[in-house]
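Novice: Here's the letter readout for the chains.
Protein chains: 2
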Amino acid sequence: MSKLVIVGTVAFDAIETPFGKTNKILGGAATFIGLAASHFNVDTAAVSVVGGDFPQAYLDLLSDKNIDVSGVEIVKEGKTFFWSGRYHNDMNSRDTLVTELNTLADFNPVVPVNYRDAEVVMLGNLHPLVQASVLDQMELKPKLVILDTMNFWMDCALSDLLNVIKRIDVITINDEEARQLTGEYSLVVAARKIHEMGPKYVVIKKGEHGALLFNNDYVFYAPALPLEEVFDPTGAGDTFAGGFAGYIAKTGDTSFENMKNAVIYGSTLASFCVEKFGTERMQNLSDKEVHKRLLQFKQLTQFEIELA
Amino acid sequence: MSKLVIVGTVAFDAIETPFGKTNKILGGAATFIGLAASHFNVDTAAVSVVGGDFPQAYLDLLSDKNIDVSGVEIVKEGKTFFWSGRYHNDMNSRDTLVTELNTLADFNPVVPVNYRDAEVVMLGNLHPLVQASVLDQMELKPKLVILDTMNFWMDCALSDLLNVIKRIDVITINDEEARQLTGEYSLVVAARKIHEMGPKYVVIKKGEHGALLFNNDYVFYAPALPLEEVFDPTGAGDTFAGGFAGYIAKTGDTSFENMKNAVIYGSTLASFCVEKFGTERMQNLSDKEVHKRLLQFKQLTQFEIELA
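Protein chains in written order, with our numbering: chain L, 34 to 341; chain C, 34 to 341.
No lab work stands behind these hints: they were computed from the structure.
Errors might be hidden in some of the hints.
No distinction is drawn between identical chains; accordingly, a pair holds when it is met within one copy or between any pair of copies.
Here are the computed lysine to aspartate or glutamate pairs in the EDC-like style, where the Cα-Cα straight-line distance is at most 16 Å [claimed, not checked]:
#1 Lys226 - Glu262
#2 Lys321 - Glu290
#3 Lys325 - Asp286
#4 Lys226 - Asp208
#5 Lys226 - Glu261
#6 Lys283 - Glu229
#7 Lys325 - Glu339
#8 Lys174 - Asp320
#9 Lys321 - Glu339
#10 Lys283 - Asp169
#11 Lys176 - Glu339
#12 Lys98 - Asp208
#13 Lys226 - Asp123
Quantities reported herein were computed from a predicted structural model and do not represent experimental measurements.
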């Protein structure tokens with residue numbers, strides 16, 4: 034069975050949307066990535082850090098999904114990373130209300146020994162030096178390394194970011210971030226410039242407008258499923274990445290054609306994530322529901338024009 | 034052979050983009066719709082009005098594309114409708130600099146007698162009473178009536194617009210207009226409300242993000258081809274509609290499955306339209322080029338996940 038290493042935050046979120054407001058609930062990139070990847074029956078380990086305030090029940094929840102949490106360090110005297118945000122009425126933009134790094138500030142990721150030969154590594158959004166240190170620990174060159182990042186690191190750690198970007202195969206990034214990273218408005222030109230930085234594959238996430246997968250001259254466009262209601266977008270991008278990484282780890286096939294399918298799985302899982310607050314929907318998502326929505330995705334996008 | 038009636042402006046445009054600036058050039062909704070529909074070998078008539086200042090060469094250009102211009106009234110003492118606009122750097126928004134209605138102010142469309150049994154009618158963006166008067170002239174109920182409109186008519190002729198919307202089969206509208214017409218942010222909910230106003234099919238155009246086709250519970254999402262450069266977006270929406278209408282007229286098949294193909298043809302043709310100023314690209318577009326780009330659209334959107 035393939036192995037998948039996920040590095041990222043395991044955290045508390047507090048979320049306000051036009052539909053309501055939560056207290057501190059389970060959040061974090063590695064959490065969402067892991068829950069999405071759990072649909073693919075691969076050996077998965079989360080590498081992260083939490084404080085002594087983090088409930089054992091949350092760790093158990095991840096373990097119950099067959100996510101190995103031995104790489105989640107518990108700093109007893111520390112506090113868990115906490116993020117709080119408020120979404121605007123259009124649900125496409127948000128204000129960050131609170132960011133408390135807490136134990137994340139001194140996070141030194143340690144990949145469990147039995148995962149240092151993992152075929153797929155998913156570097157969730159973290160300081161680029163932390164992402165790089167995970168790669169340094171791998172004893173075999175992974176078949177595929179996927180990196181997620183955000184504008185914050187472009188602003189304050191650009192050269193570290195560029196160094197780790199050189200070492201990866203797939204970057205997932207949103208449209209505004211792709212524009213910021215390259216100074217190009219056209220996403221086609223931006224993707225080409227990112228290829229030149231290292232990654233052979235560039236995934237540009239466009240939220241409700243779907244996602245683009247670039248590999249030099251090849252492009253694939255997976256639309257997002259049009260939804261009646263987006264309840265809470267938190268974690269949708271990480272869920273997408275987790276579905277992508279999990280599908281690649283399961284199939285072991287890193288061809289462009291198979292990555293198209295990985296993008297579709299990612300989009301499908303992300304379409305569930307936004308239906309409830311935080312991880313709620315992803316905690317209780319059956320394979321049957323996923324299968325049904327994949328069929329919807331086929332209906333949504335497939336057509337039958339006969340061409341020679 | 035099927036017949037297609039197009040009503041809309043035949044006009045002068047003057048366009049400014051970050052790439053340059055034109056003098057008065059050929060424009061107008063019926064012009065773009067007609068040029069797109071000319072790729073489908075159907076008997077096509079344009080119904081419009083121009084002034085004595087309109088060059089015969091422009092009418093000849095349309096005739097050469099097998100568009101019957103006998104329904105384009107020439108008001109010798111009048112002037113042709115003129116629109117001028119300036120696109121912003123993102124090419125997604127624009128300012129209207131000049132709108133001179135001229136002969137369009139008193140436009141009384143007359144459908145040529147031999148086109149009053151046309152199978153497909155494409156009502157380009159015009160005053161809803163003008164659109165309705167075209168329907169009144171049809172002697173046989175058309176197989177499919179498609180209507181395009183814009184926010185301007187929602188602001189100043191809403192009840193006339195709602196009356197003509199009741200009588201049509203397909204509406205093409207952009208995302209912001211769909212939201213304005215229904216007061217709903219979610220496009221899924223907006224489409225449902227528009228269904229209730231009459232049209233069985235709702236096409237929501239999202240520019241660079243593609244187009245959605247709704248038919249009650251069914252949705253199809255055709256992405257736009259990611260382009261290196263959008264040179265001039267003028268006429269892209271009309272080109273989309275012309276491709277859609279032309280394909281339906283050619284195939285005579287108004288099923289949802291076939292409408293998916295019509296959306297793909299519309300998107301394909303629109304992707305060419307934006308490559309040069311005004312109608313320039315559409316005047317010199319070969320069927321071979323269209324065929325090649327359709328293949329690109331298949332590569333862009335089709336995937337092979339095996340599902341039971």
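Novice: It remains to establish, for every hint, whether it holds in the given structure.
Specialist: These are the hints, each one checked on the structure:
1. Taking the closest pair of Cα atoms, Lys226 and Glu262 come within 16 Å of each other only across two copies (15 Å); inside a single copy the shortest separation is 35 Å, beyond that limit.
2. For the homomeric pair Lys321 and Glu290, neither the shortest alpha-carbon distance inside one copy (24 Å) nor that between copies (26 Å) is at most 16 Å.
3. Taking the shortest Cα distances, Lys325 and Asp286 never come within 16 Å of each other, neither inside one copy (24 Å) nor across copies (29 Å).
4. In this assembly of identical chains, Lys226 and Asp208 lie within 16 Å of each other by CA distance solely inside one copy; the values are 14 Å within and 31 Å between copies.
5. Taking CA atoms no more than 16 Å apart as the test, Lys226 paired with Glu261 passes between copies only; the shortest distance there is 12 Å, against 36 Å inside one copy.
6. Taking CA atoms no more than 16 Å apart as the test, Lys283 paired with Glu229 passes in neither setting, with 29 Å inside one copy and 45 Å between copies.
7. Proximity of Lys325 to Glu339 under the C-alpha cut-off of 16 Å is restricted to the inter-copy arrangement: shortest distance 13 Å between copies versus 27 Å within a copy.
8. Taking the closest pair of Cα atoms, Lys174 and Asp320 never come within 16 Å of each other, the shortest separation being 31 Å inside a single copy and 48 Å across copies.
9. In the homo-oligomer, the alpha carbons of Lys321 and Glu339 lie at most 16 Å apart only across protomers (15 Å), although the nearest pairing inside one protomer, at 32 Å, exceeds that limit.
10. For a Cα distance limit of 16 Å, the shortest separation of Lys283 from Asp169 qualifies neither inside one copy, at 24 Å, nor across copies, at 60 Å.
11. Taking the shortest Cα distances, Lys176 and Glu339 never come within 16 Å of each other, neither inside one copy (37 Å) nor across copies (24 Å).
12. For the homomeric pair Lys98 and Asp208, neither the shortest alpha-carbon distance inside one copy (31 Å) nor that between copies (40 Å) is at most 16 Å.
13. In this homomeric assembly, Lys226 and Asp123 never come within 16 Å of each other (Cα to Cα): the closest approach is 31 Å inside a single copy and 19 Å across copies.
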